[in-house]
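Here the protein sequences come in this chain order: A and B. With my numbering applied, the first sequence corresponds to residues 1 to 527, in that order. With my numbering applied, the second sequence corresponds to residues 1 to 527, in that order.
Please note that the accuracy of each hint is not assured.
The list cannot tell twin chains apart, which means a pair is met if one copy fits it or any two copies do.
[Claimed, not checked] Lysine-lysine pairs mimicking DSSO-like chemistry, simulated, CA-CA at most 30 Å apart:
#, residue 1, residue 2
1, Lys-346, Lys-237
2, Lys-137, Lys-269
3, Lys-414, Lys-121
4, Lys-381, Lys-522
5, Lys-425, Lys-414
6, Lys-113, Lys-194
7, Lys-137, Lys-346
8, Lys-428, Lys-414
9, Lys-425, Lys-336
10, Lys-361, Lys-428
11, Lys-310, Lys-414
12, Lys-361, Lys-230
13, Lys-49, Lys-361
14, Lys-336, Lys-172
15, Lys-480, Lys-230
16, Lys-121, Lys-361
17, Lys-176, Lys-142
18, Lys-480, Lys-269
19, Lys-381, Lys-425
20, Lys-269, Lys-121
Keep in mind that the hints were calculated from the coordinates and are not lab data.
2 protein chains.
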Amino acid sequence: MSDEKSNLSRRGFLGAGGAIMGGLALTQLPLDGAAPKGGTVVDSTMPRKWDETFDVVIVGSGFAGLAAAYEAKKAGASVVVLEKMPTAGGNSIINGGIVSAAGSPLQARMGIKDSPELMAKDMMVAGLGLNHPDLVKLISEKSTETVLWTISELGVKYLDNELVQEGGHTVKRSYKTYNSSGSAIVLPQLAKLKALGVEPRLETFVTRIYRDKDGRVKGLQIREGYEFPKADSGKLKTIRARKGVVLAHGGFGQDVAYRMIQDPKLTAKVESTNQPGATAEMWREASRIGCNIIQGDWIQVGPWASPDEKGFGLAPHFAQEAASMYGIWLDATTGKRFIDELANRKIRADAIMMLMNQGHKCIAFADAKAVSRLTPGVLDKLQKSGVVKAYNTLEAVADAYGMPRAAFLETVAKYNTNIRNSDPKNPKDDIKVSTRLPEGTVPLETAPFYVSRLLPKVHHCMGGIYTNTAAQAMDVSTDKPIEGLYAAGEATGGVHGAVRLGSCAVIDCLVMGRAAGSNAAKAKAWG
Amino acid sequence: MSDEKSNLSRRGFLGAGGAIMGGLALTQLPLDGAAPKGGTVVDSTMPRKWDETFDVVIVGSGFAGLAAAYEAKKAGASVVVLEKMPTAGGNSIINGGIVSAAGSPLQARMGIKDSPELMAKDMMVAGLGLNHPDLVKLISEKSTETVLWTISELGVKYLDNELVQEGGHTVKRSYKTYNSSGSAIVLPQLAKLKALGVEPRLETFVTRIYRDKDGRVKGLQIREGYEFPKADSGKLKTIRARKGVVLAHGGFGQDVAYRMIQDPKLTAKVESTNQPGATAEMWREASRIGCNIIQGDWIQVGPWASPDEKGFGLAPHFAQEAASMYGIWLDATTGKRFIDELANRKIRADAIMMLMNQGHKCIAFADAKAVSRLTPGVLDKLQKSGVVKAYNTLEAVADAYGMPRAAFLETVAKYNTNIRNSDPKNPKDDIKVSTRLPEGTVPLETAPFYVSRLLPKVHHCMGGIYTNTAAQAMDVSTDKPIEGLYAAGEATGGVHGAVRLGSCAVIDCLVMGRAAGSNAAKAKAWG
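In isolation and in its complexed conformation, chain A is listed as follows:
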């Protein structure tokens, strides 16, 4: 890919947003007391002098932040990357390393027909049309060139002959890193940046975004030597951003207080797959200085996870592929089923959380025939780790989870009657009404019986800072770009709408992170 070309196309998308005002002069306030230019808030604590100055200051060291840093540096800007945690990489480095690309060379080789339009459509359908179409279009259109860029420019290694089809994608379109981990992308990003002289400053926490009277973001206040999560640890310093600040601080999956404001069901009882630093300080700060945070209540929660392992782990294989499809889920407190086990993730996670918040516990249940559907080896691993347990009788299951025996036996018997009385080619159940049951569904009567405990886990924040296609953060008062402020990745909202498809987060971070870094580097400097 030619940098020349990508610069040219970026220039197009800077367009009207590029109207940058320089200058230190404070604005003369209109005598009629009208709002300052840009309709924005004004920060009375603007430093008289700055401890340090860079062209582009980047907050966060995940896919998006590092992509922004790389583009900004290549464009000749001086760059600093700030990371509050003691290690770089955020959630990206523990991500699954699957990246969607529509119309890729690998698809061509494998005879798969695809297009950016089809990818955009898949994203919009999953997103219930809450997605901003211009952002979806841009990311889909740039997906293949961006994956190829990770190969040619960063040296990322993907599996040669395999594409993944994540749920909700119409075709196989996602490249898979050789080690099934985002680290296969983050580590080369870090290495390339290091070669250019840019290393993330760790334990550096942003306490304040300075937005001046002219509406422009001018720099940050930070705490150097910050020990997460001690709010007053480290030493206060100021950093001037001559061209722009890029917010790539990620989501708030681990921030119980903030997520409960957005969705009160997400209490402390609900865990998260995220790294502990996925907290909301920058969400609040971005709001405070006039960003427009949209769709913050759309928080992706996996319903099929287990409290007995970290992250999403392996439990979803059992809970989904055996217990949802060929078994049942139960409220262990009552011994009854509580939800269509084949309803969408959100419906199921919501139902479990509402029960949990009443003190109930939920389990996934399958019999020997149901687990025979699992990929060989998975059940063994799950039993060894204690995530799935086996029992020889239904009574033993009831007793192990404190379920009322009679109610549980009645629940299983009723389900079995439903299945037994229906056409085997078209099995029917009075709870799983919304979806066709898989052929081969049979009564749950073959010991041993298997159980995993269910604990929803917060995974991804779909909402965030509203940006345009130039990755500029938009002002909530004026709907115009905030000068000097860019945002990308999970910190932003509007790309994924209601539901983010698997493998679309990484490409979002890379495409929009690169745009943010490149556009910030090209912006006119102030001061």
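Add chain B to chain A, keeping to what the hints say.
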């Protein structure tokens, strides 16, 4: 009002120093650079003197604003109500006038068992648990006393022997005003306030909320003689709020630009049932000064409305009770069905909007047997108003709406085959899979055939300013109440969650409006 005092307080403000009003002096930065008290934004345009002063300044003259004004005035405060439109009452005065009350005397008389807990549960189920439980609890618990207060204190007249059971409510619990209109509440509110010397100031538009360095809201900038929607009409003035500002400015159903940021499907093609003044200026301004706007993307849209009448009108009777239940909905551009006609409102409205935004048109279709299910008289009215039209043949239907004949005939034939081949007691269709079809569903083959055009209409904004149970607006940075700022009604978020139940908006407005007015009147004055 003492100018002396306001100057003094401004001196304090200057001391620690913002770049102030008209001044060019550079800010004296606190040495540690810490955020100002309350972690909030600072407004550099604070007036040096105020044109007027009141204890409590209320924005909006709907149910909530007027309830706040009444309580504040009764508590001895000086009160002003500001309304940007030329008439008072906002959406409330054109509302349906149905008010939920759990455990009411009328329920007791009618032998209906109910409780605040049951009402809260109904609201939470509809709200998908996005509702803030403390707000729901408060409103449910105060519902009966508040309805009785409208009778005893305001003289509101309800039907004596009738309670309404709106969708999603477990029991009949809603009082119905004698004239089926919110005007039966708003007009007595206005009359009582007038007797107390408070009359809404019409054509008075709020351009700015002044929030000071100490984090407190101190007053408003307004335009007097404002001509909606001319941004620069009227004369700028300032009003000091010694005790509090109450934001009761309602939703943004008519604001295409703002609603498309929240949900890009809600383009200009989608209409609204709201009065034209339901625009978002105060939503933006509340964000700007540090309110936390939550769940703004949950916007209630009725899928069954028609472009051929105003508001929701009568079309929903035909489109829902005849065409959804016993007929089909079609994409007229293709002649095909496009959605489970019995799916929930959101799913159906989303599907229609996504098609509309591709330039397609949708219709609701039923035959003579299907419309025989309607309440007598309704079809006549709909035909007289031209909202529903009748045709003697399927071909005539296709031609009237520009549908491809062959595709339409095939769609109807396929539906009819489905119904004909299934058990009449358990009719089946391959699109309406998620719900049991009503018994009595029969093939669509009896002329005349009836059609209404489908146009989703925006009705209610579930999201808004995050408040506590004292109706105080919460600061996005600190999660603490913003001193001097209260909010109530549709301007707030978190009460209704994903879906507001019918008859729950009015009680929300009244309960929280009263709390806001009463608490503002009790607050300590500044200046």
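Going through the hints against the structure:
no.: 1; hint: Lys-346 to Lys-237; verdict: neither (42 Å within a copy, 49 Å between copies)
no.: 2; hint: Lys-137 to Lys-269; verdict: between (38 Å within a copy, 21 Å between copies)
no.: 3; hint: Lys-414 to Lys-121; verdict: between (40 Å within a copy, 27 Å between copies)
no.: 4; hint: Lys-381 to Lys-522; verdict: neither (52 Å within a copy, 63 Å between copies)
no.: 5; hint: Lys-425 to Lys-414; verdict: both (19 Å within a copy, 22 Å between copies)
no.: 6; hint: Lys-113 to Lys-194; verdict: neither (38 Å within a copy, 70 Å between copies)
no.: 7; hint: Lys-137 to Lys-346; verdict: both (25 Å within a copy, 24 Å between copies)
no.: 8; hint: Lys-428 to Lys-414; verdict: both (12 Å within a copy, 23 Å between copies)
no.: 9; hint: Lys-425 to Lys-336; verdict: both (26 Å within a copy, 28 Å between copies)
no.: 10; hint: Lys-361 to Lys-428; verdict: within (26 Å within a copy, 36 Å between copies)
no.: 11; hint: Lys-310 to Lys-414; verdict: neither (34 Å within a copy, 50 Å between copies)
no.: 12; hint: Lys-361 to Lys-230; verdict: neither (33 Å within a copy, 57 Å between copies)
no.: 13; hint: Lys-49 to Lys-361; verdict: neither (56 Å within a copy, 60 Å between copies)
no.: 14; hint: Lys-336 to Lys-172; verdict: between (38 Å within a copy, 29 Å between copies)
no.: 15; hint: Lys-480 to Lys-230; verdict: between (35 Å within a copy, 20 Å between copies)
no.: 16; hint: Lys-121 to Lys-361; verdict: between (38 Å within a copy, 19 Å between copies)
no.: 17; hint: Lys-176 to Lys-142; verdict: within (18 Å within a copy, 56 Å between copies)
no.: 18; hint: Lys-480 to Lys-269; verdict: between (40 Å within a copy, 23 Å between copies)
no.: 19; hint: Lys-381 to Lys-425; verdict: neither (32 Å within a copy, 48 Å between copies)
no.: 20; hint: Lys-269 to Lys-121; verdict: between (35 Å within a copy, 21 Å between copies)
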